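A.B. asks: These protein sequences, in sequence, are chains A and B. Just so it is clear: in the first sequence, position 39 is 39 by this note's numbering, and no numbers are missing. Just so it is clear: in the second sequence, position 29 is 29 by this note's numbering, and no numbers are missing.
A couple of the hints might just be wrong.
[To be verified] Below, computed lysine-lysine pairings styled on DSS-like, alpha-carbon distance capped at 25 Å:
no. : chain 1 : residue 1 : chain 2 : residue 2
1   : A       : Lys-570   : A       : Lys-498
2   : A       : Lys-560   : A       : Lys-514
3   : B       : Lys-77    : A       : Lys-483
4   : A       : Lys-272   : B       : Lys-2
5   : A       : Lys-272   : B       : Lys-43
6   : A       : Lys-583   : B       : Lys-2
7   : A       : Lys-287   : B       : Lys-13
8   : A       : Lys-55    : A       : Lys-232
9   : A       : Lys-232   : A       : Lys-209
10  : A       : Lys-483   : B       : Lys-56
11  : A       : Lys-583   : A       : Lys-272
12  : A       : Lys-483   : A       : Lys-600
13  : B       : Lys-27    : B       : Lys-2
14  : B       : Lys-4     : A       : Lys-583
15  : B       : Lys-4     : A       : Lys-232
16  : B       : Lys-42    : B       : Lys-4
17  : B       : Lys-77    : A       : Lys-583
18  : A       : Lys-603   : A       : Lys-492
19  : A       : Lys-272   : B       : Lys-13
20  : A       : Lys-311   : A       : Lys-227
21  : A       : Lys-55    : A       : Lys-140
22  : B       : Lys-46    : A       : Lys-483
23  : A       : Lys-26    : A       : Lys-616
24  : B       : Lys-2     : B       : Lys-43
25  : A       : Lys-209   : A       : Lys-130
26  : B       : Lys-4     : A       : Lys-272
27  : A       : Lys-44    : A       : Lys-616
28  : A       : Lys-290   : B       : Lys-13
29  : B       : Lys-48    : A       : Lys-483
30  : A       : Lys-147   : A       : Lys-19
31  : A       : Lys-373   : A       : Lys-570
32  : B       : Lys-77    : B       : Lys-56
33  : A       : Lys-287   : B       : Lys-4
34  : A       : Lys-570   : A       : Lys-378
Rather than coming from a laboratory, the hints here were simulated on the basis of the structure. Predicted model, so just to flag it, every value in this text is computed and none were measured.
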Amino acid sequence: MRFLEFKLARINLSDHNWKEVKIDDKLLRKFIGGRGLGTYLALKEIPKGIDPFDKENKIYILTGPLTGTGAFETGRYHVVGKSPLTGFLGDANSGGDFGPWLRFSGFDGLIIEGKSDYPIWLRIEDGDIKFNDASSLWGKGVHHTEKIIREKVKISSETIGSILSIGPAGENKSKIAAIMNDRYRAAGRTGLGAVLGDKKLKAIWVYGKRNLLKEMYDSKKFISEAKKLTDKIMGNPVSQALTQLGTLVLMNMTNALGGLPTKNWTHGIYDKAFDISGEHLAESYLKTRKGCWGCTIQCSRVTEVPEGPYKTPISEGPEYESTWAHGANLLIDDISSIIKMNYLENDMGFDTISFGNTVSTLMELYELAKQGKLDKDKEKELIELINMSGIEPSWGNKDAIIQLIYLAAYRNKIGDLVAEGAKRLAEHFGRPDVAIHVKGLELPAYDPRALNSMSLSYATANRGGCHLRSYSVAFDMIGSPEKWDPLAKDIKKVKGVKEQQDWFTIVDSLVICKFNVFGTGPSDYLEVLKAITGWEDMTENELMTTGERIYNAERLFDVKEGEYKDTLPKRLLEESLPEGPAKGHTGKEWLDFFLPEYYKLRKWDNGIPTEEIIRKLDLEEFLNR
Amino acid sequence: MKIKVRFILDYYKYIGKFELNLDIPDKFTLIDLIDYIDKNIKKGFKEKLLNENSIKYPNMILINGRRAEFFENLNTKLNENDQIIFSPLAYFAL
Ligand code: SF4
């Protein structure tokens, strides 16, 4: 029996060297792993105020104590670094097989630092790391890159070993570039793919034979506790619904509640929602389903468009968020075209949520330009760029979007500005109000005017406009774990959001999938965690306090990096929804009600952690960062 | 009076249609509508949806985008042009 220890590799791309870094049990207990450990390291190592493209910026690719153990849905990993999109701490999470294979390769995480003079790909196998020239891979899409690397390592089976890479979007430092793995999986949010591009790291291959069971504190206990957990999750009817229907289950439901953002968030109801829903996908292009490493839920959809203008080979996706971002948001009702866009954006390495939002911003700007509602010089510039690009980015124009994916990935013509994300695009043309983002990060598929707790979730999400810091949609829309009226001013929602934020922070640090945490809570994971780590006296309370510590630590990084405001985009704050059950409601109405109480509960002074809470959470070392 | 009824997820498969435009008597309540569908459209619908006189878990009924529980549940009176949705709960769309 032994306590948990993490072995990381500190990889310096400037001199193509690496060394081992040990993280001891004490530090892990304070920050767990994944998102928590990444936040701690970022606070320690990333200098305050640097440009995200400075060579001092780092990318932490981290697993957690549960990754690859098979406890349940443990096939994910987490990435942390300073975001070029928001300018604050960025982080993103991805499934597939990369996380487990990284651990099997002998490393629990990677610290990527420095910058290479030429493109590099890393071959990580059984505790060793080799630097390889990736010049011939530079410019290639994710699918092609993976194929070539598999030829080089001579392992063609996609279930053995795993590849993380960036596409041309990351290479060309698009601020909405994702880090991709296993072809279709994305650590998408906050543009961290651009930081890898800046460092000239094209790809990482991981493979190895490490046996995690042998390293556990009590492997016998682990096996029996993991079985209990699996039985509990699979007994939940909702896990079964997810297996059958995938993540597109919500399109018709969100629409019914009047919260499906439509036409760049000017409406909450899309009359063609059925055409882009899971129900319709199931009877049209769905082939089968697939899952991340070791997951029995298998929520990912495998689709194919066998013929026609949007012919797409068998591929994974699209997920709900991507389908919405390119569907209702752009007034596109042809799901075959969305499958194609999703495939191409994965290949070019974009965050599909940010990309769809940036295109809707462009479409609205173009509409305004045609109506003469932009400043004259801006109107001229936009029309010229669009003409030069040879596209017509009007609402519902599918072919224009397909061209835009390539234009943005290679930063060509109007694509050069699309690659900057919605906020910068709208600001460039003098209409910041047209971009729908929080702290620079484009928003996902739930309108907080119709699902009011999301106003607080979005506004206070540390990484910006995000539904995964707290998914209070589950309460507001579905009534689980507790039934909330989505339009009620109910102060108990504040506590619900705060606690979910803290718990989800733990979920991202362990690292497990958020899909299994609705039917389970911290107590369900405690015994599994103890069996792995030997933290016998750990309590549910300690776990939740750890979540709160990490959430506060993220904020301590952010508030020192520039103007950091917990708010909603102007449109959602001030304009009311024109139709549906939430007709007449504004985001301001909800946020003004929730936010003061939230700050009180968090012990934050207008969004800034007070010394009292910093000390209570044992974060004093960062008091004066 | 005319109303619109939608069936999503499992109910879409079960009924075989996404949307029905129905002409129902005035003063119909939600439970009357369920009885009507059970009798005229799909036998067994009521049993699938209800437990005695309450909505079975995990099911959800929306009237114009609001859960029936936020009105008078199964006794909610329906009005001209209402849109009723029958759906199982499924909240995984992260
Ligand atoms: S539920 Fe879906 S996203 Fe989560 S681990 Fe399973 S397949 Fe991956």
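A.B. asks: Would you check the hint for Lys-272 (chain A) and Lys-43 (chain B), treating anything up to 25 Å between C-alpha atoms as holding?
C.D. replies: Cα-Cα ~29 Å, so violated.
A.B. asks: Given the hinted pair Lys-560 (chain A) and Lys-514 (chain A), is their Cα-Cα distance within 25 Å?
C.D. replies: Between Lys-560 (chain A) and Lys-514 (chain A) the Cα gap is close to 29 Å, so the pair fails against 25 Å, i.e. violated.
A.B. asks: Holds or violated: Lys-77 (chain B) with Lys-483 (chain A), Cα cutoff 25 Å?
C.D. replies: The hint holds at about 23 Å.
A.B. asks: Against the 25 Å threshold, does the CA-CA distance of Lys-570 (chain A) and Lys-378 (chain A) hold or violate the hint?
C.D. replies: Holds, because 21 Å separates the two Cα atoms, which is no more than 25 Å.
A.B. asks: Assess, step by step, whether the Cα of Lys-4 (chain B) is no farther than 25 Å from the Cα of Lys-272 (chain A), and give holds or violated.
C.D. replies: 15 Å, holds
A.B. asks: Can the restraint linking Lys-583 (chain A) and Lys-2 (chain B) be considered satisfied, given a maximum Cα separation of 25 Å?
C.D. replies: Holds: Lys-583 (chain A) and Lys-2 (chain B) sit about 22 Å apart, inside 25 Å.
A.B. asks: Just to be careful, I want the Cα atoms of Lys-44 (chain A) and Lys-616 (chain A) compared with a cutoff of 25 Å; is the pair within it?
C.D. replies: Answer holds: Lys-44 (chain A) to Lys-616 (chain A) is near 19 Å, not above 25 Å.
A.B. asks: For the pair we were handed, Lys-583 (chain A) and Lys-272 (chain A), check the Cα-Cα distance against 25 Å.
C.D. replies: 19 Å, holds
A.B. asks: Lys-483 (chain A) and Lys-56 (chain B) were given as a pair; does the straight-line alpha-carbon distance stay at or below 25 Å?
C.D. replies: Judged against 25 Å, a Cα distance of about 15 Å means the pair holds.
A.B. asks: Starting from Lys-483 (chain A), check that the Cα of Lys-600 (chain A) is at most 25 Å away, please.
C.D. replies: 24 Å, holds
A.B. asks: Hinted pair, alpha-carbon criterion (25 Å max): Lys-4 (chain B), Lys-583 (chain A). Please report holds or violated.
C.D. replies: Holds, at about 19 Å.
A.B. asks: Quickly compare the C-alpha distance for Lys-42 (chain B) and Lys-4 (chain B) to 25 Å and report which way the hint goes.
C.D. replies: It holds: about 16 Å lies between the C-alpha atoms, which stays within 25 Å.
Of the hints listed earlier, those the structure fails to meet are numbers 2, 5, 8, 9, 15, 20, 30, 33, in rising order.
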